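K.L.:
Sequence:
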Amino acid sequence: REEAQHFLKECGLLNCEVVLELLSRALEDPSDSIRMRSMCAISSLACSDLLSPDQIFAGTQQRLQQLGQGSPGPVANRATKILRQLEALCRAQLPPQPTHPDSDPSDVTTGSAPCTRDLLTDIPPLAGESILTPLSAAPLPGAMAAHSEKPGLEVEPR
Numbered sequence: 001r002e003e004a005q006h007f008l009k010e011c012g013l014l015n016c017e018v019v020l021e022l023l024s025r026a027l028e029d030p031s032d033s034i035r036m037r038s039m040c041a042i043s044s045l046a047c048s049d050l051l052s053p054d055q056i057f058a059g060t061q062q063r064l065q066q067l068g069q070g071s072p073g074p075v076a077n078r079a080t081k082i083l084r085q086l087e088a089l090c091r092a093q094l095p096p097q098p099t100h101p102d103s104d105p106s107d108v109t110t111g112s113a114p115c116t117r118d119l120l121t122d123i124p125p126l127a128g129e130s131i132l133t134p135l136s137a138a139p140l141p142g143a144m145a146a147h148s149e150k151p152g153l154e155v156e157p158r
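Residue numbers (the working numbering): 1 to 158.
Hint data in this document are derived by calculation from the structure and do not stem from the laboratory. Just so you know, these numbers come straight off a predicted model, no measurement behind them. Treat the hints with care, since some could be wrong.
Beta-carbon label-pair distances, calculated as ranges [said to hold, decoys possible]:
#, residue 1, residue 2, range
1, Q5, P72, 24 to 34 Å
2, A92, S31, 29 to 39 Å
3, G12, L89, 18 to 28 Å
4, K9, P72, 32 to 42 Å
5, P72, N15, 19 to 29 Å
6, Q93, P30, 30 to 40 Å
7, P72, C40, 28 to 38 Å
8, L14, P72, 30 to 40 Å
9, R37, A58, 16 to 26 Å
For glycine and all other residues, C-beta sits at the position ideal for the given N, C-alpha and C.
All chains should be modelled from the sequences, with the hints used to inform the complete structure.
P.N.:
Below, the structure is given as structure tokens:
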């Protein structure tokens, strides 16, 4: 566990795409211990926020599938398990399907880039609620002074 944390800390200082490519190449090594260590590092990367699950899946899918279809044993089992985890993570990232009755599914361009997701703004409001929008991004006059006064007392703008 400590080794995985140290790996992620160091990986954060490096080009993670290159690290993933090196780990993916290590999956072709004839040594089971090197392949298992590489899969542990790939699994650690998948649990971090250094690379998206899509990037990790795309960079390792082919080699992990080859290992999973190889001779039965711990290497094949681990490769299959990581593939399943990555597939589940990728499915969890899919943007929600439009639920508006007036939306036309043909409006979506095939091959278009996926939308980036923002957990703070992509959450739909609960039934009966609406999302508040600020009138202005500027702070309210006297807002700083209000923090220094007693709670419950408002400072009027000058």
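K.L.:
For each hint, tell me whether it holds in the structure or not.
P.N.:
Evaluation of the provided hints:
{"no.": "1", "hint": "Q5 - P72: 24 to 34 Å", "verdict": "holds, 31 Å"}
{"no.": "2", "hint": "A92 - S31: 29 to 39 Å", "verdict": "holds, 33 Å"}
{"no.": "3", "hint": "G12 - L89: 18 to 28 Å", "verdict": "holds, 19 Å"}
{"no.": "4", "hint": "K9 - P72: 32 to 42 Å", "verdict": "holds, 35 Å"}
{"no.": "5", "hint": "P72 - N15: 19 to 29 Å", "verdict": "violated, 35 Å"}
{"no.": "6", "hint": "Q93 - P30: 30 to 40 Å", "verdict": "holds, 34 Å"}
{"no.": "7", "hint": "P72 - C40: 28 to 38 Å", "verdict": "violated, 20 Å"}
{"no.": "8", "hint": "L14 - P72: 30 to 40 Å", "verdict": "holds, 35 Å"}
{"no.": "9", "hint": "R37 - A58: 16 to 26 Å", "verdict": "holds, 21 Å"}
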